[in-house]
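Engineer: These protein sequence lines map, in sequence, to chains A and B.
Each residue of the first sequence is one higher than the one before, counting from 21 in my numbering.
Each residue of the second sequence is one higher than the one before, counting from 1398 in my numbering.
Certain hints may be false.
DEER-style ranges, computed between Cβ atoms [said to hold, decoys possible]:
#, chain 1, residue 1, chain 2, residue 2, range
1, B, G1926, A, V114, 44 to 50 Å
2, A, E476, B, F2009, 51 to 57 Å
3, B, P2015, A, V114, 54 to 60 Å
4, A, W125, B, K1629, 33 to 39 Å
5, B, F1637, A, N433, 42 to 48 Å
6, A, K71, B, F1637, 50 to 56 Å
7, A, E272, B, F1846, 39 to 45 Å
No lab work stands behind these hints: they were computed from the structure.
Glycine included, every Cβ here is placed at the ideal spot set by N, Cα and C.
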Amino acid sequence: MKNKRLQIKLAAAGIALGLGMSTAPAMAETNRALEAWKTFASEQNNADYNKWVELISDPKAIKLAKEWKDLRGYDAYDLMDKETFPEDLKPGLVITGENKADYPWLAKYLTKELYDAIGGSWGGIKKMKIVPTNTYYMHNGYLQNTKALKEQNINIKFDEDGQMVYDDGSYALLSGPGASAIPFINPKNGLELNWNLVANSVAIETLELNPIYFYSCTAEGEPDREYKANLWWWHYHNRTEIEPLGDIPGKEEMVEGGAIFFFEPNDVRGLAGVRQRYASGSKEDDFKLFIPTLRRTRLLTGSDSEDPLLSGVELSWDDWRSYWVKTDIKKFDYNLIGEEFVLTPVSTVHAYNSMVLTEDKCAVEYMEVELRPTWKLEIIDKSGKYQYSKRHAWIDKEFYNTRRQITWDPRGNMFKSWDEKRDWKPSTGEGNWGGVLIRNNVNHRVTTMNMTATWEDLDVVVDESMFDVDQLRDYQ
Amino acid sequence: MKKITKISLAAILGVSMVAPAMAIDTGIKGLTQSGRIKVGASVLYDLPDQGNKAGPANWVIESKTTYRPNRQWTFIGNFWLRGDMSSQFTSYDSPNGGLPDQVNGAIVPGVGAFQQNANFNLNSSNCSGNAYCAEMDDELEVLTDWEDIIRELSVKYRDKKGRYSVKFGRFQRGWGQSDGLRLMDVLHAQDLRQRFAFTDSDELRLPALMVSADFNFRKLGIDGPFKAMGMKNPSLEINFVPEVQTSNFIINNPTPGDETSGGIFGLPWADVNDTTENGPGFAGIGFNLYDNKPNRLSLSDAEWSMRLKFGALGGSATINAFYGQQDLPVSKLIGSSLIVGDGFNDPSVGTQIPSIPGNSNSVGASFNAATTEAVLFGAGGYQNWLQSVDAFAKGGPVPIVSPLAGFGCGDAFNRIPGPDCSINAAVEVDYDYRQLMLGFTFARDLSDFIRIGRKSSAPTVRLEMSHEFDRPFNRSRVNPGATFGPFDGSFAGEVTGSGALAVEASRNIVKEDITSTMIGFDFPLWVPGWESQAKSIFTSLQLFDIYTHNSDQGLLQQSTYAFTEIQDHQNFLTFGWNMALDSERLVFDGLYIRDFQGSGDFYRQRIDFNYFGDSWRPRVEIAHFSGNKESGPIGTFNNSDYVEVSLTYQF
């Protein structure tokens, strides 16, 4: 009897989400996300959607999706099959400040914070549209190494600092399959889930955002500051997709590095920062800043990473890629507190702009969201000294990235929220960024970002000079 | 009309600029264009008995263009035009304008007797008695020399494999770990004209035509020996600078023949004394100065420097070497000229006697250096005569006969008839000395050892050491020994003060080593109890020790302009802090410098009001100097305190 009721629910969900289950061809040539998008695109008669369908129809994309599904044991649709969704929660639904009250379930799927933002007076979202759920997957390097961990039964455990190590005590992020893999494909606790998020990193071996714009806005919704920069990220070990392959020489003790060079405005032009993470839990990040007015490099340390990246911007150095805090079990508790479906911005920037900012860049004109299966990670600051007393991150069950994030300040007030649109490339599974919306619920300031990802010649345009601040200072 | 045109220059450019919020979008990939226009005005608030007066009003127009067509090539063009409108605002001929700098006792209309001379020794040309004088001349109004305008014009090539890069052009590079005071940051001479050394180091350094090459030893496959010594990721920077520059500064020169004035940040013209503080003076003695600089563009005088960078001991280290040229001078006596017929050193009034036999010299003076020294300091020489006159005035015996009587000059004290006479000594201001330095820097965070404060933050430590070999100094105390005629060198007394200028270089100049050390700590301060603090307060404490070897020889701080003597150990403390409030729109930036031996204190407070978007940057800057006027570098500017309001438009 119970099974029958479940089947009915699944059928209802499939129909509601526009997923014609009975019409699906053999899954080797397609997948349910692709079919849902085909149906949706044909209904909407929108060139952007057609372009997206074309991208996810790439045989390489379908093959990768299938291999990841086989490895994980599920895809998003398999998980959705097990859940009952409101009847109105279906692709094509447009939500505004005027009609959101008609859909009381929205607060649950958006979280209350984002629900309030729809039609809100600060950092608001004017219009939101639900599109079909995608199936996401990481690139082939992560696929093969994650498979290797599983098939070779390679054990990854934690040392006394909570860092990932192999059985021989060596750091998993520095060598072997663990250096480029999702270590706990079915996380059993918060620490494992945290490490999945850390391992996901930026979801591409070499990243260039050229450029990235930061827009800060006042509590009154007025533009305050605007910055333009180039940003880079490098995965240092067990590289298989983008040259240089293997390990980056000279980075034997480091896991990855992020770097940024500012062009505008004029008073920060030439500011260059490089932050590199050591695998050792007891070793602070190598964190250097070139200050053009001094023509000198400053060494930053520890709590400097809690400072805003730029004046007026609601983004600290620890907030790069939403979460770049060093894992520290002495300082933080990591809890897996639930599994939830959430509506979060869709990662279709490779085909079209799915999150359009208002002209003043202080709010969202239009945002497309999709239903995502997530684990909910809670990180509690035990020391009472960190900028966030608590962090809730919804980690995608397919892509292992942050789908949504909310933090609380040390006094317990809901603080900053993070929503991002990703520039994800279906044919390779590589991820990148397209834009971010950060809302500060304490002071009602808003930071938005727009990024343009580089996809061509990444083996040539990014090299170690970006990760040596003494060379980066002369970038341009 | 010319003045009106100059005053209007920055304003016209400012208002005519189309106001984009950000840098100009060139539409060409890799090409960027940005710039700024800054206009400031200041008030001097520490002028004795003078109330507040308008001070420097600096302006800047800057343009920066960069082009990076690919990862191999980068082109940068950075130009700026600078000036100071204060001479226009406070011109001597403007109503109630000008910065008075009168002698004590002068009657100031509407004020009364003037009692406290600020001792700027400003240019007093066109200034009649008891009137307000020009604050400065035209030197700083617009800096139009090409070397003042080109801030950077460079091209950089980078090897495809990242093994090396070469940058060529006119640009600057900063060395060292110290802020505020420079130890190893010696690649470039300094522009001390506008704010002396009390401004951003980026604006202080004089860019030079140079070639810089960086070599990555690991990529070149030659890092093995370094790794064996524990040096990680070694790289070598080599700089070749064929354009040799000397530091720019302006002397407030009140003498009629050489009218220069840098206003409140001009260096004071040295009073001519025979002791540093309170001698009887050198009446009738003047000094003409002649610059001797290295060849401006030369292979033989070119500067070389290199820096080995590497990781060690958990931090970043460098070993530096510099073989260049001194950018500040020593003075060398060339000779002197006897002016017969004028007691005030003016050859156009009196007659300068030609070189006497055996006294040939490079400037055609009457006497060469040895004769000058003997005539001035030999037994019965000019100094003896002055001192005897001084004693006579105080009730002593009849003075000795003036040595100039032998050249036909009169001596009223001894009833010898003849014309008034005076002596102009010729002194070479000589920059042409090599500078050889070795240095070491190190910086690392101390998180392995200490975590303190509300956020358990770790300080970072910065260390910088340098050793300079054979730095030339003028001495303030020398024992003259030259002979000429009756002046046989038997004078065994000690010459002090500016009289030391008139002593042969062989006895006046010595070369000594300087060993300097700086240790600094940076700490991000999170204030206990301030729970809503959004950004740490950057704090930086530095301690300096500058040890000059054998300094007990009376080494002068900077002849010919600063006659204070160098202490063996000169110690400085600096403390900098930066605090941003209100979503980092209100920014306080403070810098304190303490000169322990000179008992000088400097504090600069900047307040930025970044409330007006990306283009407009208003700033208030307050600088306060406190110290003995005779003690450089801080005390020199004891009365130069100012409050400046500036507005920058950037794009």
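Engineer: Work down the list of hints and note, for each, if the structure agrees.
Structural biologist: Right, here's what the structure says about each hint:
no.: 1; hint: G1926/B / V114/A: 44 to 50 Å; verdict: 48 Å, holds
no.: 2; hint: E476/A / F2009/B: 51 to 57 Å; verdict: 39 Å, violated
no.: 3; hint: P2015/B / V114/A: 54 to 60 Å; verdict: 45 Å, violated
no.: 4; hint: W125/A / K1629/B: 33 to 39 Å; verdict: 57 Å, violated
no.: 5; hint: F1637/B / N433/A: 42 to 48 Å; verdict: 58 Å, violated
no.: 6; hint: K71/A / F1637/B: 50 to 56 Å; verdict: 54 Å, holds
no.: 7; hint: E272/A / F1846/B: 39 to 45 Å; verdict: 24 Å, violated
Taken one by one, the earlier hints fail for this structure at numbers 2, 3, 4, 5 and 7, listed in ascending order.
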